[in-house]
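**Student:** Turn these sequences into a full structure, and let the hints guide you.
Now for the letters of each chain:
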Amino acid sequence: MNSSFGTDEYIEKIVLTHSKRLLSASYAILKSVPSAEDAVQEAFVKLITKNPIFNDDEHEKAWLLRVTVNISLNMLKKSKINGDLVESDVIYTDDSDSLLLESVLSLPVQYRTVIHLYYYEGYSIKEIASILRIPSATVGTRLARGRKMLKTNLEEEGDLWL
Amino acid sequence: MAVNEKYREQMNKVEFSSNFENETVNMLHTQHKRKGRIINMKKSVKVALVAAIISLFTISALAVSGLLTPSQLAAYFKQGEAQSAFDNQVEQNVSQTVENGGYVFGLEGVATGKELEYLGNNAVEAEKSYVVITARKADSSEITFDDSITFVPLFEGYEPWRVNGLKFDGASVHKTIQNNVLYYLWEFSGFEAFADKTVYLAGFEGIAPNADTFTLNPDGSIAFSDGYEGVKVMFELELDSSKADPVKAEQLISSLG
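Just so you know, the sequences run in chain order E and C.
Residue numbers for the first sequence follow the numbering used here, so the first one is 1 and each next one is one higher.
Residue numbers for the second sequence follow the numbering used here, so the first one is 163 and each next one is one higher.
Read the hints as simulated data drawn from the structure, not as lab findings.
No residue lacks a Cβ here, since even glycine has one placed at the ideal position from N, Cα and C.
There's no promise every hint is true.
A few chain E positions that, by computed beta-carbon distances, are all more than 10 angstroms from chain C [unchecked claim]: (1) Glu12; (2) Leu143; (3) Ala144; (4) Lys148.
For each label pair, taking beta carbons as the anchor points, the in silico distance ranges come out as [what the hints assert, rightly or not]: (5) E:Ala144 <-> C:Asn341: 57 to 65 angstroms; (6) C:Lys175 <-> E:Asp57: 21 to 29 angstroms; (7) E:Lys148 <-> C:Lys195: 23 to 31 angstroms; (8) E:Val109 <-> C:Glu367: 44 to 52 angstroms; (9) C:Asn184 <-> E:Ser124: 40 to 48 angstroms.
**Tutor:** This is the structure in structure tokens:
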């Protein structure tokens, strides 16, 4: 049980530890910086209000990631109905190459979500299946199809798919 | 550069608001303090609150036993789904009590996916189960919050330290003390999938079940280990076996790695 749950130190620790990865996961789905920030704040609020039990830090991380992904997917679904989500351009701190990221973001959401968790978070197919609550075989199929689409996109752009 | 490194590098260069973390921390502090104020306010008027509830439910279990009903407890914590689940229970759960370690523990209510599905909710909500447990001092002395006692669903035939309800996502707890009774409202996910087996709800001193605390008998039943000397609570949940889902149960187990 989280003995320090809800303390100032606990809140600061979870925000500083998890913000970057949660924002990235949400951005991979929503392609919008302001919406990703809203989604991640909502996930943290759920953590504070629901007081979930975690076995360890990895469990806490996976829970937050799953909640963020679910919130983001729900926001995307609602935005398609309401038309209220404005995608941001990829905003960089410098002029670096962003071709791979742009290619991932161009994939359908079910593929880019899996691709993101696999390449950014380094989760296995089984772990992604557990986070998304879908069968491992479905994750494997989405990963294979997503990679195939990426390969085609990047080859067309003259980039090498490693 | 490997694809994962390249992707991570490019994603990490996306600019989010520079004050996102500070704003989020401040917002969460405010949320948490507001939640605390609501609870404190409720504690300060708890006698009036309980009296008001009693007046509204004169023929309820509350009036008979002096305890908040599971539905009232869920309402107290503003847990709408749990309250609806308890309100829509088709069958009334029979309460069980266990006296151990100077406490009297009561299993006051279990609402599972059956009630939630009745409400037409989605599959994730249907996997949720809510359990209300009470604890009182056997000698009627003042009870205090005791964070050392954890409740966990355990499943016949599975080692408790490998497969247990706290390992599935979604476990959470709300606690309050009312009229010298400590109430727990636990939320778990997935345990109804195991309804074709004996599902235990065990209370023990610790954070996670281990082999020092529990033992799996050769016949698949689960008991406390001989050497364990802490508080021992073992309820057997009466679940609807028609709601068992062996495929889902195996998925949950395999997701544990």
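**Student:** If a hint holds in the structure, say so; if it doesn't, say that too.
**Tutor:** Results for each hint:
no. : hint                                      : verdict
1   : Glu12                                     : violated (5 angstroms)
2   : Leu143                                    : holds (12 angstroms)
3   : Ala144                                    : holds (14 angstroms)
4   : Lys148                                    : holds (13 angstroms)
5   : E:Ala144 <-> C:Asn341: 57 to 65 angstroms : holds (59 angstroms)
6   : C:Lys175 <-> E:Asp57: 21 to 29 angstroms  : holds (26 angstroms)
7   : E:Lys148 <-> C:Lys195: 23 to 31 angstroms : violated (50 angstroms)
8   : E:Val109 <-> C:Glu367: 44 to 52 angstroms : holds (45 angstroms)
9   : C:Asn184 <-> E:Ser124: 40 to 48 angstroms : violated (34 angstroms)
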